[in-house]
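Student: Here the protein sequences line up with chains A and B, keeping their order. Heads up: the first sequence runs through residues 1 to 433, numbered per full-length UniProt numbering. Heads up: the second sequence runs through residues 1 to 433, numbered per full-length UniProt numbering.
Some hints here could point you the wrong way.
[As the list claims (entries may be wrong)] One-sided excerpt, in silico: chain A residues whose CB lies under 8 Å from chain B:
| # | residue |
| --- | --- |
| 1 | K49 |
| 2 | T147 |
| 3 | G307 |
[Unchecked claim] Listed below are the simulated DSSO-like cross-link pairs for lysine-lysine, each with C-alpha atoms no more than 27 Å apart in a straight line:
| # | chain 1 | residue 1 | chain 2 | residue 2 |
| --- | --- | --- | --- | --- |
| 4 | A | K118 | B | K118 |
| 5 | B | K219 | B | K287 |
| 6 | A | K26 | B | K150 |
| 7 | A | K243 | A | K31 |
| 8 | B | K153 | B | K287 |
| 9 | B | K31 | A | K338 |
| 10 | B | K26 | A | K338 |
| 11 | A | K217 | A | K253 |
| 12 | B | K26 | A | K26 |
| 13 | B | K217 | B | K2 |
| 14 | A | K258 | B | K31 |
| 15 | A | K5 | A | K118 |
| 16 | B | K2 | A | K26 |
| 17 | A | K153 | B | K31 |
| 18 | A | K243 | A | K287 |
| 19 | A | K2 | B | K118 |
| 20 | A | K243 | A | K2 |
| 21 | B | K2 | A | K3 |
| 22 | A | K2 | B | K338 |
| 23 | A | K253 | B | K31 |
| 24 | B | K153 | B | K217 |
| 25 | A | K118 | B | K31 |
| 26 | A | K258 | B | K26 |
| 27 | A | K31 | B | K403 |
| 28 | B | K258 | B | K287 |
| 29 | B | K403 | A | K150 |
| 30 | B | K74 | A | K150 |
| 31 | A | K2 | B | K96 |
| 32 | A | K253 | A | K153 |
| 33 | A | K31 | B | K26 |
| 34 | A | K150 | B | K49 |
[What the hints assert, rightly or not] Interface residues of chain B toward chain A, partial, derived using beta-carbon atoms under 8 Å:
| # | residue |
| --- | --- |
| 35 | K26 |
| 36 | S33 |
| 37 | V37 |
| 38 | S40 |
| 39 | S121 |
| 40 | G123 |
Rather than coming from a laboratory, the hints here were simulated on the basis of the structure. These numbers were taken from a predicted model, which means no experiment stands behind them. For every residue, glycine included, the Cβ atom is placed at its ideal position computed from N, Cα and C.
These are the residues of each chain, in order.
Protein chains: 2
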Amino acid sequence: MKKVKIALLGLGNVGRGVWMILNSNKEEIMKRSGYEVEVSKILVRDLKKERGVEVPSELLTTDFNDIINDDSIKIVVEVMGGIEPAREYMLESMNKRKHIVTANKMLLATGGDELFQKADSQGVMFNYEASVAGGIPIINGINESLTANKIEKLYGIVNGTTNYILTKMEFENLSFNEALKQAQEMGYAETDPTSDIEGFDAQYKLAILSSLAFGTKIKVENVYREGISKIESIDIQYAREFKKVIKLLAIVKDNAGKLELRVHPTMIPENHPLANVYDSFNAVFIKGNAVGDLMFYGRGAGDLPTGSAVISDIVSILRSNIDIDNINTVVKNNLWDKELYNIEEVISKYYIRLTVEDRPGVLGEITSVFGSMNVGLLSVIQRGRDIENENKVTLVLVTHYTKEGNILNSIDSVCKLNSVYKINNIIRMEEFN
Amino acid sequence: MKKVKIALLGLGNVGRGVWMILNSNKEEIMKRSGYEVEVSKILVRDLKKERGVEVPSELLTTDFNDIINDDSIKIVVEVMGGIEPAREYMLESMNKRKHIVTANKMLLATGGDELFQKADSQGVMFNYEASVAGGIPIINGINESLTANKIEKLYGIVNGTTNYILTKMEFENLSFNEALKQAQEMGYAETDPTSDIEGFDAQYKLAILSSLAFGTKIKVENVYREGISKIESIDIQYAREFKKVIKLLAIVKDNAGKLELRVHPTMIPENHPLANVYDSFNAVFIKGNAVGDLMFYGRGAGDLPTGSAVISDIVSILRSNIDIDNINTVVKNNLWDKELYNIEEVISKYYIRLTVEDRPGVLGEITSVFGSMNVGLLSVIQRGRDIENENKVTLVLVTHYTKEGNILNSIDSVCKLNSVYKINNIIRMEEFN
Ligand SMILES: NC(=O)c1ccc[n+]([C@@H]2O[C@H](COP(=O)([O-])OP(=O)(O)OC[C@H]3O[C@@H](n4cnc5c(N)ncnc54)[C@H](OP(=O)(O)O)[C@@H]3O)[C@@H](O)[C@H]2O)c1
Ligand SMILES: NC(=O)c1ccc[n+]([C@@H]2O[C@H](COP(=O)([O-])OP(=O)(O)OC[C@H]3O[C@@H](n4cnc5c(N)ncnc54)[C@H](OP(=O)(O)O)[C@@H]3O)[C@@H](O)[C@H]2O)c1
Numbered sequence: 001m002k003k004v005k006i007a008l009l010g011l012g013n014v015g016r017g018v019w020m021i022l023n024s025n026k027e028e029i030m031k032r033s034g035y036e037v038e039v040s041k042i043l044v045r046d047l048k049k050e051r052g053v054e055v056p057s058e059l060l061t062t063d064f065n066d067i068i069n070d071d072s073i074k075i076v077v078e079v080m081g082g083i084e085p086a087r088e089y090m091l092e093s094m095n096k097r098k099h100i101v102t103a104n105k106m107l108l109a110t111g112g113d114e115l116f117q118k119a120d121s122q123g124v125m126f127n128y129e130a131s132v133a134g135g136i137p138i139i140n141g142i143n144e145s146l147t148a149n150k151i152e153k154l155y156g157i158v159n160g161t162t163n164y165i166l167t168k169m170e171f172e173n174l175s176f177n178e179a180l181k182q183a184q185e186m187g188y189a190e191t192d193p194t195s196d197i198e199g200f201d202a203q204y205k206l207a208i209l210s211s212l213a214f215g216t217k218i219k220v221e222n223v224y225r226e227g228i229s230k231i232e233s234i235d236i237q238y239a240r241e242f243k244k245v246i247k248l249l250a251i252v253k254d255n256a257g258k259l260e261l262r263v264h265p266t267m268i269p270e271n272h273p274l275a276n277v278y279d280s281f282n283a284v285f286i287k288g289n290a291v292g293d294l295m296f297y298g299r300g301a302g303d304l305p306t307g308s309a310v311i312s313d314i315v316s317i318l319r320s321n322i323d324i325d326n327i328n329t330v331v332k333n334n335l336w337d338k339e340l341y342n343i344e345e346v347i348s349k350y351y352i353r354l355t356v357e358d359r360p361g362v363l364g365e366i367t368s369v370f371g372s373m374n375v376g377l378l379s380v381i382q383r384g385r386d387i388e389n390e391n392k393v394t395l396v397l398v399t400h401y402t403k404e405g406n407i408l409n410s411i412d413s414v415c416k417l418n419s420v421y422k423i424n425n426i427i428r429m430e431e432f433n
Numbered sequence: 001m002k003k004v005k006i007a008l009l010g011l012g013n014v015g016r017g018v019w020m021i022l023n024s025n026k027e028e029i030m031k032r033s034g035y036e037v038e039v040s041k042i043l044v045r046d047l048k049k050e051r052g053v054e055v056p057s058e059l060l061t062t063d064f065n066d067i068i069n070d071d072s073i074k075i076v077v078e079v080m081g082g083i084e085p086a087r088e089y090m091l092e093s094m095n096k097r098k099h100i101v102t103a104n105k106m107l108l109a110t111g112g113d114e115l116f117q118k119a120d121s122q123g124v125m126f127n128y129e130a131s132v133a134g135g136i137p138i139i140n141g142i143n144e145s146l147t148a149n150k151i152e153k154l155y156g157i158v159n160g161t162t163n164y165i166l167t168k169m170e171f172e173n174l175s176f177n178e179a180l181k182q183a184q185e186m187g188y189a190e191t192d193p194t195s196d197i198e199g200f201d202a203q204y205k206l207a208i209l210s211s212l213a214f215g216t217k218i219k220v221e222n223v224y225r226e227g228i229s230k231i232e233s234i235d236i237q238y239a240r241e242f243k244k245v246i247k248l249l250a251i252v253k254d255n256a257g258k259l260e261l262r263v264h265p266t267m268i269p270e271n272h273p274l275a276n277v278y279d280s281f282n283a284v285f286i287k288g289n290a291v292g293d294l295m296f297y298g299r300g301a302g303d304l305p306t307g308s309a310v311i312s313d314i315v316s317i318l319r320s321n322i323d324i325d326n327i328n329t330v331v332k333n334n335l336w337d338k339e340l341y342n343i344e345e346v347i348s349k350y351y352i353r354l355t356v357e358d359r360p361g362v363l364g365e366i367t368s369v370f371g372s373m374n375v376g377l378l379s380v381i382q383r384g385r386d387i388e389n390e391n392k393v394t395l396v397l398v399t400h401y402t403k404e405g406n407i408l409n410s411i412d413s414v415c416k417l418n419s420v421y422k423i424n425n426i427i428r429m430e431e432f433n
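Next comes chain A alone, as it looks inside the complex (with noise of 0.2 Å):
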């Protein structure tokens, strides 16, 4: 049996779930990538951590050195995160034709550019299916499977942490700050949980998708985006009235070679297949033109789920050849320039909650400013009093499909209105059609 040696860049959840798979499943790994992995270093900042699995305190080390100029390392797994070193030891990596695994959504969506024409130049494999949707093969999806196909909208549940938030609020009707409490006692959500509730994460991994799926390069500023704090359980009661559901999407779709990027919460039909993804769990919808319709659903997160695709991103390498130092690789990257859309150009159906004054007259004074914006409307539905005050009324709006710049100059001018005490949610309608 051929060896191969590897070295992790980070023993955190990831890298913990990598070494635990390469041990506990060595054999199919060997049978199938036909290599004996080795690991025979691993960079982590505090060699005295306590980190719940059984490495050889020989492999831990806290300088890069000992990984960079080992030329029997033929592979780097970069499972650190952040922006620099990883930038820098990636880079370091392949002048030393090294192979890259990375899970780092944040870099890769940054600063992939500069990554990927450095595995180019010096044709080494550059490979990051853990770096969206954990376990979800969804790169390798885009990347092999689809290569027939004009990609034409792409929606993807990318957030395990808002999703399980989102079924908590929904499932056992708690507040916002109630089920993100719970997250995080859960684990799912961090400290500091502004990038994943506010869809940063999110807005990262749709430009990696994006890019790949349209061949373009996709500046993560360019995604519209907008996190899930706003939501409300009596949004997501109306939500069950109108027989949809709430989630945050990543959202891309080609419109003649003109792209819409955007993540948002977003009401969808409960009976699409992406509105039975609940709890933490991931889940990319594609439309294809040859395809049709397909979906991905799985772990989005977690040492495991994330470790199988870093290891699968390895194995893909040691098979691709049977020389590993001598592997040529087109990164295909930038076959197309694509025009974008502001969010203003966006069409869209539009919920909005409002608080009004409870007054015969105001239901028509608040109408007729939508009209005079041509913003057609769907339903209206106006709910009894306010208890705290019995002068206030709730309001929702259902518009039909319109743009979504005449939606925000409706607001403006509604907001004007002395009868309108406030615009409680915005939230944008999807029927995949």
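Following the hints, complete the assembly by docking chain B with the ligands onto the known chain A.
Tutor: For chain B with the ligands alone, coordinates are given in the frame of chain A:
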């Protein structure tokens, strides 16, 4: 741009799909594969047939020699179906070192081994993504993305026709025969629907998937098989009472190295992701020891979805090496030997519907037979009398987990009771744990 010539064997549903996509998505395929793909010959039976696509008539041939003797053809795409001459043509093509892409589940399941071995000895690629679940990249998923895993369980809805029929029966309260007729009118079922409704098609697919997932040789005849023709509307209604739905599942489980393989109608919890797979959609649900739960969902048949899978196989050959004359492949087959269970050894819960005499004491007689065979009963439902015969009542039993052998013995004995008129149906239940 480099060019590659390929030949199609067959221009039916799938062949047409391949042709259409190669034309409509030419640019995508070119950019992603690095090759301009040219179909230089198409084998058919009837040169005069109206084909619904515009194919230059000089491409069509009824003589396989035109293909096998043309050294400029590098890839042969077998989409004709059947055992012979498809088998012979593929073997001859590989002898001439042409790579193979095939969609032929029947041939793969019954004689795949010979083909894999030939590919191995000739050093050609042999791809068959389209043979299972049409456009869903399940072969690639198992082969490339789950390499780090011991696959513990796999459950597939892999036959669109039966899933369509079961969906119609459930939502439109149709009888099996009415639903079958609709499926035939929609073009989902053949004039002779036996292969679909009696589970043969799913049996082939499970043999292919299991061979791949467990790196072992599974013979079709070792897959237990039962179709859906005995399912009645009333069974679907009872299922709903238990919060279950009925699906034709292809199941394989690895219990410490010993496999159980079976295709049969199954009651599954209505909130399981597979339960929400409706109409002619397919899905494959996998439990890996690293990745956890994973599901692939999409179109299991149709010209374009299946063509999408065929072309992804072509692209993967083109990408595998710059010099496509010189690919060295190892067909990863026969990695493990596995023992197999007999169906009598399988452990499951069972739903049993009987028609029995309506008199005091009958229920006791029946339940005591099950008790004496060590079959515990989880619930017993006895409903009002038969309208046509007031002496008959329906009895529905749900058992605890028990060996199928015990069930078969119990049924044998129950049948002998004078008070039992008929065993209407026995349906296994699956709880995915
Ligand atoms: N967690 C998931 O489920 C998941 C899923 C998909 C992708 N990812 C991505 O995978 C990466 C790793 O995530 P994680 O959750 O495993 O992170 P983590 O638990 O924080 O682990 C990070 C590891 O990297 C080491 N490290 C960090 N900075 C270092 C430095 N400057 N020098 C040396 N070692 C350093 C740490 O060493 P010490 O242990 O000594 O502190 C630790 O072992 C991130 O890019 C993340 O986005 C994670
Ligand atoms: N249909 C699907 O959605 C689907 C999905 C997955 C896999 N598959 C598999 O794909 C394969 C093809 O299916 P299909 O639905 O495309 O079949 P089909 O519509 O019956 O087409 C078969 C084609 O092969 C040609 N052919 C058959 N026998 C031949 C022979 N002896 N010599 C020359 N040409 C011959 C026929 O020629 P003529 O046109 O001249 O008769 C026809 O063009 C089968 O293995 C099937 O199991 C199909």
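Student: Tell me, which hint numbers fail for this structure?
Tutor: 1, 4, 7, 12, 13, 16, 20, 21, 27, 29, 31, 33, 34, 35, 37, 38, 39 and 40
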